[in-house]
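Listed below, chain by chain, are the residues.
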Amino acid sequence: MATESTGDYETYYVPEKSWLAFSATIGLVLGIYGAASVLNEKTFGDGITSSSVYMLSVGAAILAVTLYSWFSTVIQENRAGMNSAQLKHSYALGMQWFIFSEVMFFFAFFGALFYVRMLAGPWLAGGGEGGAMNALLWQGYEFSWPMASTPQESVGGAGAQLIANNGSFSSPHAFVDPWHLPLYNTLLLLSSSVTVHFAHVALKQGQRSRFNWWLGGTLLLGFAFVLLQIEEYYEAYTELGLTLESGIYGSTFFMLTGFHGFHVCLGAFMLGIQWLRSVRGGHFTADDHFGFEASSWYWHFVDVVWIGLFLFVYII
Amino acid sequence: MGDHHHGPAKGITRWLTTTNHKDIGTMYLWFSFAMFLLGGAFAMVIRAELFQPGLQLIEPAFFNQMTTMHGLIMVFGAIMPAFVGLANWMIPLMIGAPDMALPRMNNWSFWILPFAFAILASSFFMEGGAPNFGWTFYAPLSTTYAPPSVTFFIFGVHILGLSSIMGAINIAATVMNMRAPGMTYMKMPLFVWTWFITAYLLIAVMPVLAGAVTMMLMDIHFGTSFFSAAGGGDPVLFQHIFWFFGHPEVYIIILPGFGVVSQVIPTFSRKRLFGYDSMVYATASIAFLSFIVWAHHMYTVGMPVAGELFFMYATMLIAVPTGVKVFNWISTMWRGAMTFETPMLFAIGFVVLFTMGGFTGLMLAIAPADFQYHDSYFVVAHFHYTMVAGAIFSMTCAVYYWLPKWCGRMYNETLGKTQFWVSFVGFNLTFFPQHFVGLAGMPRRIPDYALQFADFNLMSSVGAFIYGASQLLFLYNVVATIVAGEPVEKEQVWEGAEGLEWTVASPAPYHTFTTPPDVK
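Protein sequences appear in the order of chains B and V.
In this text, residue positions in the first sequence follow the numbering used here: the first is 1, and each later residue adds one.
In this text, residue positions in the second sequence follow the numbering used here: the first is 1, and each later residue adds one.
Simulated from the structure, these hints should not be mistaken for lab results.
Take these hints with a grain of salt, some might be off.
[Stated by the list, open to error] Covered by chain B, according to a simulated footprint, are these stretches of chain V (three or more residues, beta-carbon under 8 angstroms):
| no. | stretch |
| --- | --- |
| 1 | 80-92 |
| 2 | 225-235 |
[What the hints assert, rightly or not] Label-pair restraints from in silico Cβ distances:
| no. | chain 1 | residue 1 | chain 2 | residue 2 | range |
| --- | --- | --- | --- | --- | --- |
| 3 | B | LEU190 | V | TYR281 | 24 to 34 angstroms |
| 4 | B | VAL304 | V | TYR281 | 25 to 35 angstroms |
| 5 | B | LEU190 | V | GLY307 | 51 to 61 angstroms |
| 6 | B | VAL226 | V | TRP30 | 42 to 52 angstroms |
| 7 | V | THR136 | B | ALA286 | 50 to 60 angstroms |
| 8 | B | LEU190 | V | LEU439 | 57 to 67 angstroms |
| 9 | B | LYS42 | V | GLY307 | 30 to 40 angstroms |
| 10 | V | GLN372 | B | GLY131 | 51 to 61 angstroms |
| 11 | V | THR300 | B | HIS300 | 42 to 52 angstroms |
| 12 | B | TYR234 | V | TYR281 | 49 to 59 angstroms |
| 13 | V | THR300 | B | GLU16 | 52 to 62 angstroms |
Keep in mind it's a predicted model, so treat the numbers as computed, not measured.
Even for Gly, the Cβ is constructed at its ideal location relative to N, Cα and C.
Work the whole structure out from these sequences, hints included.
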């Protein structure tokens, strides 16, 4: 069935051994054990202990140092010419599948949003076959989106209804205006997708300084986005009374925009590294710049997620 | 680099630093077997308590921890890592690749697992005990009423998911990019095909599970109300998200098993696999359908009738591609020159018993009938026919089939056959009676039961101990083979076997296919 290959073949580089994976595991495990301890002490204990914080910090530091060293190793290997075209394709596939997994992560939160808005919310208010539930448990609750009152408030607070007694959920007195900060953020992020594309075009034409400028501009747009998002959260908490505890509206609002914001930070961090690599190290050539390309794919992905957010969280 | 290293590093650092797919596969396999014994020990505790009615051995609260941890450890610690280990060992050998596509990340996927399960197991010693809300961890049992160890459980699931996603990305990249020249997609061995589709399912749904546990975390610690109606959320939302992950998950568990059986049956029937193309398309159809059937786990929870009907018909549709597979396996055996070595016995046992599990699944799919079966022992019997007789039998089958290739020594055939028959009898004695008690109304996840169920439960418990003992026999047989088995000289261990893995020496050298073979 099979014979030894006679054609030209570049050897696929398989590193002999590496401490990176084990070290990353230690950092990850210490970090999450510390994080879980911190949260449990906050919620169930008598306050956060310094040993848990210490564990969390040490774990995070080990993980950060390991990942830094991991990525620099990969970059050095590529610059040393050890990566065959086939290996480079493996990295590209890895990144594409990773972005697909990220899409599915957001899918879970969008799914929760649609389920609540289309089904669970109306049922709580007596729609569909939920009439009895509304009459017996949540009398007087009316559903609207954005949510003007929580079921708990409708029945008169946590004490008034046995199954409402698992937290305190108060509705905000005003909502985020989509045509103010969110609109600016949309413009910022959409234009940053364009600028990062211009950077890519410049790089493919071998124009380093144009690449650096366009990528730098993309980063500034990203930073501006994050600043405005912080401003929006600050206003939500201080002026609108919109918090994580504002019932399911606040929950979906902050989790969707928050995870997106976190991904913007991550994407900006990735692009920032690529910018430093180009400006300080002179990395990347017109036909070999996967670190930048992967980061720009990621950037386009967070942009697309934002369009979904702008439509379904802010406008509609 | 530069000069060729042909052997592994020495001592423990070999395992901590390895990038070799065979080393990593071996670690996965041993780890999953250890977890299998741990989860099995919990099952023994459960069956000991259920040996007779009344409370004898353990408190109900501890019983809940046992059922929860049994399920979690078997699904995430035993079956999934076992098949990932198998993928690591076999996929590069089957497609003629020098290693997995991303070897360092491969090692990271593995090493997360032992630590994640150490964290999960440590929750037994925490205040309030281990997770006790069932392996499906429905809210609000897992949020409002959960023990504090739930936080560690949540983070444990997060890193398990990370491990699974990285493992699956690696497998997908390997299959797409590392095939030897000439090996087109439709020439890949079926085990590779089923794993490729499984990898896709894993990457699609593990992030959804991460989303579900993240919402739990927020509800518990940060005052959100995803799963609390008081804030406008819905506990049923949890079930929708969980089962959107959970139903593809059961195919994640069984598809690689389908692949194994599709390798083994042709070998011992000395015929080519019947209907290779239709096997590939059937696998893909099952994967597609698995995304649109999740709410058949939730018929009794409250859903519009249109929803119940949709999920009922979609679920029954899965029987079609699954039936295609079963008929293909039988047609492969038809008029074959069959012999019944241990792997073949497990493969045939798989086909017979998994088909039964499939049929009970069809019964459960029928929404009006399910109102009676729901949450009864009938469900327990159904999914153990798919998980144990499906996944575990096919895994055992795979170990016997490829063990001679892995260690260059032949296992003891008599002992192997003995293990099969003891497993087969023990398994059926355990789970067949559970159909009857379930239909008669015995609920699952309880430490005590009404007197009329006593006889069948006694049989179940005896069967479970027999099945448990058969796994010690398995362990003994594998260790004895590795230490002192009869050496096999040939590359082609089994007369009728086909595939690239049988063109390399036995035991397989540390590095194989550093130059790819040409596949005609």
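**Report entry** Outcome, coverage of the stretch 80-92 of chain V by chain B - at least 3 residues whose beta-carbon is closer than 8 angstroms to one in that chain
**Finding:** With 0 residues closer than 8 angstroms to chain B, the stretch 80-92 of chain V misses the three-residue bar; violated.
Next on the checklist: Taking the Cβ atom of THR300 of chain V and the Cβ atom of GLU16 of chain B, is their distance within the range 52 to 62 angstroms?
Outcome noted: Holds, at about 56 angstroms.
- Item | Supplied distance hint 50 to 60 angstroms, evaluated on CB atoms of THR136 of chain V and ALA286 of chain B | Distance hint for THR136 of chain V, ALA286 of chain B holds at roughly 53 angstroms.
Discussion item. Quick check: does the Cβ-Cβ distance between VAL226 of chain B and TRP30 of chain V fall within 42 to 52 angstroms?
Written reply: holds, 46 angstroms
Is 42 to 52 angstroms respected by the C-beta to C-beta distance linking THR300 of chain V and HIS300 of chain B? holds, 43 angstroms
Exercise. Just tell me: holds or violated, for the beta carbon distance of LEU190 of chain B and LEU439 of chain V against 57 to 67 angstroms?
Key: Given range 57 to 67 angstroms: holds, Cβ gap about 59 angstroms.
Given the hint of 51 to 61 angstroms, check if GLN372 of chain V and GLY131 of chain B actually sit that far apart at their C-beta atoms. violated, 26 angstroms
Original post:
Range hint 30 to 40 angstroms: satisfied by the CB atoms of LYS42 of chain B and GLY307 of chain V?
Top reply: holds, 39 angstroms
**Prompt:** Range hint 24 to 34 angstroms: satisfied by the CB atoms of LEU190 of chain B and TYR281 of chain V?
**Reply:** violated, 41 angstroms
- Does the stretch 225-235 of chain V contain three or more residues whose Cβ lies closer than 8 angstroms to a Cβ of chain B? This one holds; 9 residues, not fewer than the three required, reach chain B with a Cβ under 8 angstroms.
Given the hint of 51 to 61 angstroms, check if LEU190 of chain B and GLY307 of chain V actually sit that far apart at their C-beta atoms.
With Cβ atoms ~37 angstroms apart, the hint is violated.
| task | Starting from the range 49 to 59 angstroms, see whether the pair TYR234 of chain B and TYR281 of chain V falls in it by beta-carbon distance. | result | Check passed, 54 angstroms falls within 49 to 59 angstroms.
Hints 1, 3, 5, 10 from the list above are not met by this structure, while the remaining hints are.
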